[in-house]
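Asker: Listed here are the chains, written in short residue letters.
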Amino acid sequence: MPERPLSPALRPFDAVGGWTIAVVDSLGRFGTFFGEALGAVVTPPFKVRAFLDRINFIGYRSLLIILLTGAFTGMVLGLQIYLTLVRFGSEAFLGPAVALSLIRELGPVLAALMVTGRAGSALTAELGIMRITEQIDALTVMALNPMRYLVAPSILAGLVTFPLMTAIFDVVGIFGGYLVGVKLLGLSEGTYFGEMQTFVDLNDIMTGFWKSVSFGVIVTWVCTYKGFNVGHGAEGVARATTQAVVLCSVLILVWDYFMGSILQ
Amino acid sequence: MIKVEGLTKSFGRQKVLRELSLEVPTGSITVIIGRSGGGKSVFLKHLIGLLRPDAGRILVGGVEITGLRGRALDEIRRFYGVVFQGGALFDSLSCHENVAFPLREKLRTPPAEIAKRVEAALAQVGLEGMGAKFPAEISGGMRKRVAIARALVTEPQIVFFDEPTTGLDPVLVNTIHHLILDLHRRSRFTAVVVSHEIPEIFEIADTVAMLHEGRIVEVGPPAAIQASANPVVRRFIRGEPDPSEGH
Numbered sequence: 004m005p006e007r008p009l010s011p012a013l014r015p016f017d018a019v020g021g022w023t024i025a026v027v028d029s030l031g032r033f034g035t036f037f038g039e040a041l042g043a044v045v046t047p048p049f050k051v052r053a054f055l056d057r058i059n060f061i062g063y064r065s066l067l068i069i070l071l072t073g074a075f076t077g078m079v080l081g082l083q084i085y086l087t088l089v090r091f092g093s094e095a096f097l098g099p100a101v102a103l104s105l106i107r108e109l110g111p112v113l114a115a116l117m118v119t120g121r122a123g124s125a126l127t128a129e130l131g132i133m134r135i136t137e138q139i140d141a142l143t144v145m146a147l148n149p150m151r152y153l154v155a156p157s158i159l160a161g162l163v164t165f166p167l168m169t170a171i172f173d174v175v176g177i178f179g180g181y182l183v184g185v186k187l188l189g190l191s192e193g194t195y196f197g198e199m200q201t202f203v204d205l206n207d208i209m210t211g212f213w214k215s216v217s218f219g220v221i222v223t224w225v226c227t228y229k230g231f232n233v234g235h236g237a238e239g240v241a242r243a244t245t246q247a248v249v250l251c252s253v254l255i256l257v258w259d260y261f262m263g264s265i266l267q
Numbered sequence: 095m096i097k098v099e100g101l102t103k104s105f106g107r108q109k110v111l112r113e114l115s116l117e118v119p120t121g122s123i124t125v126i127i128g129r130s131g132g133g134k135s136v137f138l139k140h141l142i143g144l145l146r147p148d149a150g151r152i153l154v155g156g157v158e159i160t161g162l163r164g165r166a167l168d169e170i171r172r173f174y175g176v177v178f179q180g181g182a183l184f185d186s187l188s189c190h191e192n193v194a195f196p197l198r199e200k201l202r203t204p205p206a207e208i209a210k211r212v213e214a215a216l217a218q219v220g221l222e223g224m225g226a227k228f229p230a231e232i233s234g235g236m237r238k239r240v241a242i243a244r245a246l247v248t249e250p251q252i253v254f255f256d257e258p259t260t261g262l263d264p265v266l267v268n269t270i271h272h273l274i275l276d277l278h279r280r281s282r283f284t285a286v287v288v289s290h291e292i293p294e295i296f297e298i299a300d301t302v303a304m305l306h307e308g309r310i311v312e313v314g315p316p317a318a319i320q321a322s323a324n325p326v327v328r329r330f331i332r333g334e335p336d337p338s339e340g341h
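Chains as they are written, first to last, in this note's numbering: chain A, 4 to 267; chain B, 95 to 341.
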């Protein structure tokens, strides 16, 4: 039976309803995808080789960018915080200010954003190409679960590499701050590190740690989901890659606020 | 035997399969022909369980697969070999590793036996000694042959070929067709080949089914299809445009 055309007065409701259904549907698929991935993470057989490959892909290959951005972030912080503190005669607190900014906030967030840009986009593109060239279908028809081979190792690697990348970012950043504050601006080495030990406690380090762990899950989850559900052709892969990076970046910042509120 | 009854599938408002019914006899080569965009690949994806129909059922060896999921479907897929249109070889693995992959991961074959079987499979498709190459380093025809070797290395009972000669030159088309025929004679698997290589494909087919607008409009041995009085079949075989489409 042919459908009756909708009256103009009802069209906006139809559009809102259609949009709502699409959003709920995609959220449901997003959640189901994570559930399936989690199932593959916790049940054997574990794909150790694929996991090590993902550690290399997400972690080791992002090392240079982490070192570089970590160093300059610390240097910028060192300079700007010193210039602010010196106005109040409180430059002795440069060390803890740099360390706390990095450990609690900037380290996890910036490291996650950098790894998203470097490895997350590549992860989406790689899976997207595998989807459009039927490599994922090939795994499925071999009676092998693609989640186990392609998604679970990435999520596990994200859990391991993000805290490590964050730790490296923090340490390099603190030394960047040291370079500017101590070597260039003349603050004493003892003051820089001594005050840091006084003001930074385990709670601050754990805040950064839990943030980085959750960012690791968010980035690998979003990027693998987008790659798995890519559209058609090269344009579809390009769109999925852009969406993955944008969504990850937004989620990192939003989630950072919530984590910061919870882990005060 | 594969039995398809009343298979129907739509994507949005577009009906792709319309109560399609077909029987694929065990041990034969059944070729599905039809125009591009006519639903051949969609039909094949239903047979291998990558798509679910809106209505109808598919029975493989008497087992209905349309309602199966997860492990139950994987049990059926263990009897399958699939050659995808583009080969679907894993880019990050060498040709040897690609062919070894289902043996290692699916059948858990011991490494020493894997090496022997992979070399034999590559030799069977005329690629002995090429195992170290990566898919990006070999030609399109070679990639198709590696894909065939990978599909057959597990000795499947049913092999699906999705346009195995698309994009190849006429000599390679012939080579791949004869390779399929030769491998079929040796292993006697049931083959379902989706193709629009007319008339070359008739040389290897036991049964030809013409799919048009989501339905099987004619089924029979190649000679009967070639002599068909059905205007749709005749036009397709002769490569004549459909008058209803206009120009």
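Possibly wrong hints are sitting among the right ones.
[As the list claims (entries may be wrong)] With a straight-line cut-off of 30 Å between C-alpha atoms, the simulated BS3-like cross-links for lysine-lysine are: (1) B:139 <-> B:97; (2) A:50 <-> B:139; (3) B:227 <-> A:50; (4) B:134 <-> A:50; (5) B:200 <-> B:134; (6) B:227 <-> B:97; (7) B:97 <-> A:50; (8) B:134 <-> B:109.
Hint data in this document are derived by calculation from the structure and do not stem from the laboratory.
Asker: Indicate, hint by hint, whether the structure satisfies it.
Answerer: Okay, the hints, checked on the actual structure:
Distance hint between residue 139 (chain B) and residue 97 (chain B) is fulfilled; the C-alpha atoms sit about 15 Å from each other, no more than 30 Å. Proposed proximity of residue 50 (chain A) and residue 139 (chain B) is supported: the alpha carbons are some 27 Å apart, at most 30 Å. At most 30 Å may separate the alpha-carbon atoms for a hinted pair to count; residue 227 (chain B) and residue 50 (chain A) meet this at roughly 24 Å. Restraint check for residue 134 (chain B) and residue 50 (chain A): the C-alpha separation of about 35 Å exceeds 30 Å, so the hint is violated.
Taken as a hint, the residue 200 (chain B) and residue 134 (chain B) pair is honoured in the structure, with Cα atoms around 28 Å apart against an allowance of 30 Å. For the proposed pair residue 227 (chain B) and residue 97 (chain B), the alpha carbon gap of about 40 Å is over 30 Å, so the pair is violated. Taking the CA atoms of residue 97 (chain B) and residue 50 (chain A), the gap is about 37 Å. The hint is violated against a cut of 30 Å. Distance restraint check for residue 134 (chain B) and residue 109 (chain B): the Cα-Cα separation of roughly 13 Å lies within the 30 Å cut-off, and the hinted pair is therefore satisfied.
Figure legend: structure checked against the earlier numbered hints; hints not met, in rising order: 4, 6, 7.
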